[in-house]
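K.L.:
Here is how the chains run, residue by residue.
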Amino acid sequence: MRRPALLALAIALFCAACGNDEPTTPTTPTTPPAGPGTQSFNAIMAPGGTAVRTFTASAAGTVTVTLNSTSPATVVGLGIGIPGTATGGCDMTSTVTASGGSAPQLSAPVSAGDFCAGTFDLGTVGSNGVLVSMTIVHP
Amino acid sequence: MTHAFTRPIVLALALAMAACGSSDSSTSPTTTTTPTTELFEGKLQSRGDSMFFSFTVSTAGNVDVTLAAVTGATSPGASTNLALGLGLGSPLATDCNLTTQTTTRPGLTAQLTGSNFSPAIYCVRVFDVGNLTTPVNFAIRIVHT
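So the sequence lines, in the order shown, correspond to chains A and B. The numbering used here puts the first residue of the first sequence at 1, with every later residue one more than the last. The numbering used here puts the first residue of the second sequence at 1, with every later residue one more than the last.
Simulated from the structure, these hints should not be mistaken for laboratory data. Don't take each hint at face value.
[To be verified] Which residues of chain A face chain B? A few of them, derived with a C-beta cut under 8 Å, are: (1) Gly79; (2) Ala86; (3) Ser94.
Where a beta carbon is used, it is the ideal one built from N, C-alpha and C, also for glycine.
All chains should be modelled from the sequences, with the hints used to inform the complete structure.
P.N.:
The following block contains the structure:
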């Protein structure tokens, strides 16, 4: 007699723990949202090549691109655009001719979404390539 | 004896059902539609040239169209700031019947936007407005529901 009673009590307690009378709030996916950020990278660009990085703007705002340095010092193309099939996988919206510097050489208003920025050879890169250092600041 | 054995089980089941019962207030799941992004790339060869691209809106919502790149076809990578025509409309036979259009230079924010598009097939046209002297490559981003 005692065993069935204990069993019944255990079942009752177990199911009571499963109950939930509080309204639930729908939860959103736990993937952390992309946020504003700064991406810095170095890459060796081969003759005729490109060095492109993609990034995601989490909101509308302004993107700035700074070619910090090239080694050896040379002039290269610097551009910003959207991921595609053109230059190094980047369809360039705006391009400039740039050498290293501390001030952004490119800035552009953007909507939220995926973008890309990078350098491309203008025919000036020697056979050993060039080390480019670049910083992208995005919303 | 039999009653003594079954009574606790009946009681337990009653308690279990009460504990697991649903509450009065319920929540309904929210539906979030993730926008679809499409890339339309091509080349305009000569003055007056145009191309169009069709896409399908599957649920009612907004459409954003961005002429993102216009680059010289003979010098890959270098952008041109050439203004092109950009239009949005619906397919008509083998053409694209524009309902809205603008002339714009490439940028990274949408130059054409529309809201409350019903589920259907739509099209985007890019066309020369008289500025084209050499072939250009273009890239258009379309974001829709």
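K.L.:
Please go over all the hints and tell whether each is borne out by the structure.
P.N.:
Now the hints, each set against the structure:
1. Gly79: Where the cut-off is 8 Å and the nearest Cβ of chain B is about 6 Å from glycine 79 of chain A, the hint holds.
2. Ala86: holds (6 Å)
3. Ser94: OK, holds: serine 94 of chain A within 8 Å of chain B, min 6 Å.
When the structure is compared with the earlier hints, no violation turns up for any of them.
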